[in-house]
Amino acid sequence: MTDCSTPRLWSRRALLAGAVIGVVPGVSRAAEPAARIASLGGAVTEILYRLGAAERVVAVDTTSLFPANVLREKPNVGYLRALSAEGLLSLGPDLVIAAEGAGPPEVLALVREAGVPVSLVREPPTPEGVLDKILTVGHLAGLAPAAERLAAEVGARFAELARARARIGRRARALVILSVANGRMMAGGRGSSADGILALAGIDNAVTGFDGYKPIGDEAILAAAPDAVVMMQNGTDAPSPDGVFAPGTALGQTPAAARRALVAMDGLTLLGFGPRTPDAARDLMQAIYPDLPRD
Amino acid sequence: MRARRRSGLIFAGLTLLVAAVAVLSVGVGAVPIPPSRIVNLVAHASADPASARDALVILNIRLPRTLLGLMVGAGLAVSGALMQGLFRNPLADPALVGVSAGAGLAAATIIVLGDGVLRSLGLPGPLPYAVLPAGAFLGGLAATLGLTLVATRSGRTSVTTMLLAGIALGALTGAMTGLLVFASNDRQLRDLTFWSLGSLGGASWTKVAATAPAILPVLAAVPFLGRGLNALVLGEAEAFHLGIPVERLKRAAILLVAVAVGAGVAAAGVIGFVGLVVPHALRLAIGPDHRRLLPAAALLGGALLVLADVAARLVVAPAELPIGIVTALVGAPVFLWLLLSGQRGFDG
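Protein chains in written order, with this note's numbering: chain A, 1 to 295; chain B, 1 to 348.
One chain only, chain A, in its complex shape (with noise of 0.2 Å):
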């Protein structure tokens, strides 16, 4: 626990219930927590797994990858925003944490209709909405003390990531591929989760001109003129500098391509916004400016 980040966090317990979007009135957590938990979304459950909570959690959604175990141990009910109200209350939960964004809403009301009290959390990509979730995550669980400790240690670790930033002297640009579809490039513009941790890793978005995730053509690519790509590996399927940079191709002609600066890092820890993510932002910005001095 560093002294720089626990002040912030405990007015950060005022914003709590603004977090929380949907608790049933009358149903106090704390004085008895929820025993059987369905956790939906990638991060929820990741938290919820940090904070020792394994155990309850009966249900999973399709996006908790993390850890690696989580879907082979726990009942799957499909993808976050095609839920099944029936599948749901099969697995008999007293508690829905799920990810904003989860659905559809007609079948979050019929599970409420059954008693079970759905809690949605807010997911910006921030490192202020990474310790908003945990804080919500653990006091939804009644396991406030738990959550406090673990937001404490990933705060800390987000500011020796400011740290590190601050120690960057020219700043890269680079350009993220989310995917590769049939020679189309998905590329992360402003306001999406790849422009976040670009940015808490001292890096600039090469792609200005579009929110989110878009198809990005090779003219665009060749404006954008990155100084390093990042792509998802899948795996251990991992894309090779070769074959990104090949000749010929728009970003073999890029500045990235001349340095060869092509980092590969799995998905979820990259854009997934949890208790991962100053860890990820470090070992993308160590990859791309190796040469930066350590603490």
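Among the hints, erroneous ones may be present.
Covered by chain A, according to a simulated footprint, are these stretches of chain B (three or more residues, beta-carbon under 8 Å) [unchecked claim]:
no.	region
1	54–62
2	86–93
3	114–122
4	179–189
5	233–241
Derived DEER-like restraints, expressed as beta-carbon distance ranges [stated by the list, open to error]:
no.	chain 1	residue 1	chain 2	residue 2	range
6	B	L284	A	A181	39 to 45 Å
7	B	S51	A	N234	43 to 49 Å
8	A	N69	B	S51	43 to 49 Å
9	B	R248	A	P105	38 to 44 Å
10	B	L138	A	Q233	56 to 62 Å
The hints are simulated quantities; they were obtained by calculation from the structure and are not laboratory data. A quick note: this is a predicted structure, and the numbers were derived from the prediction, not measured. Where a beta carbon is used, it is the ideal one built from N, C-alpha and C, also for glycine.
Once you have looked at the hints, place chain B on chain A.
Leaving out everything else, chain B in the frame of chain A:
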């Protein structure tokens, strides 16, 4: 005489099938509930607190879901039969009158632009969920009315013009939907995908109550079109000389299809193949007489959709498959098998 007895048998069988499928759909699901308790719950709506959750699952999830499935399936299959009769083309399906295209475009517009429009008007989001089905229904209806206007010259609706204009409209709405997909964010894109694959997962009594007034009148009106559609097989002029009010018949059929499919799409998203397969399967079994075909299509369509829904929620329980995947996955091979095993070809 023998034909009449045979079709009587088939109707009795279809009615039994609907009943059996409905019982199955209420009886099975991710939550295991013993049959004796289900009978008890449905018969008495008992207030036993121990079975409160079971009561909710049966009465508020499975029952409305089954009823919605029966209605939507019946509406889609009857619409398919009407379209094939009207266009005298075995490939015709409700998509030809622009309902699906219009409903799809309206839904995409609401999913992608809805919240932004709301924000720019200074209203608090998110958009009420009912806006999506209502918008899809109106979009489908508007597209069909537009097409009918285009195809109507001096009081005569040309089926050929309508068919061609329908293809143009399909391309246009497809492109506009593509534009919206491009403008959408990741989340909206997922919503669009799931919507376009269809699901009965959001069934509720509210949805049943909103869908029934649209689909039930269509099902009630259908028997009156049978004779006219039979005459239309000979050609429009011939039907006219047989005393069929051809123009009225065409417009009535188009309107009925737009209402039934629009309501179905609004309630459950886009569900393919039911409208195509069911009438063909029945034609092979009971022949092409629309007086028998249309009511039989309603029964078989409802039963098949509910059966597909049972599969959709059991196969990957506690998750759910989009029902459009099940209908196409099961429907396409069955359709091929019917074609290959049937004695009659469709061109004969």
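Q: Run the structure past the numbered hints and jot down the numbers of the failing ones, going up.
A: Of the numbered hints, 2, 3, 5, 8, 10 do not hold.
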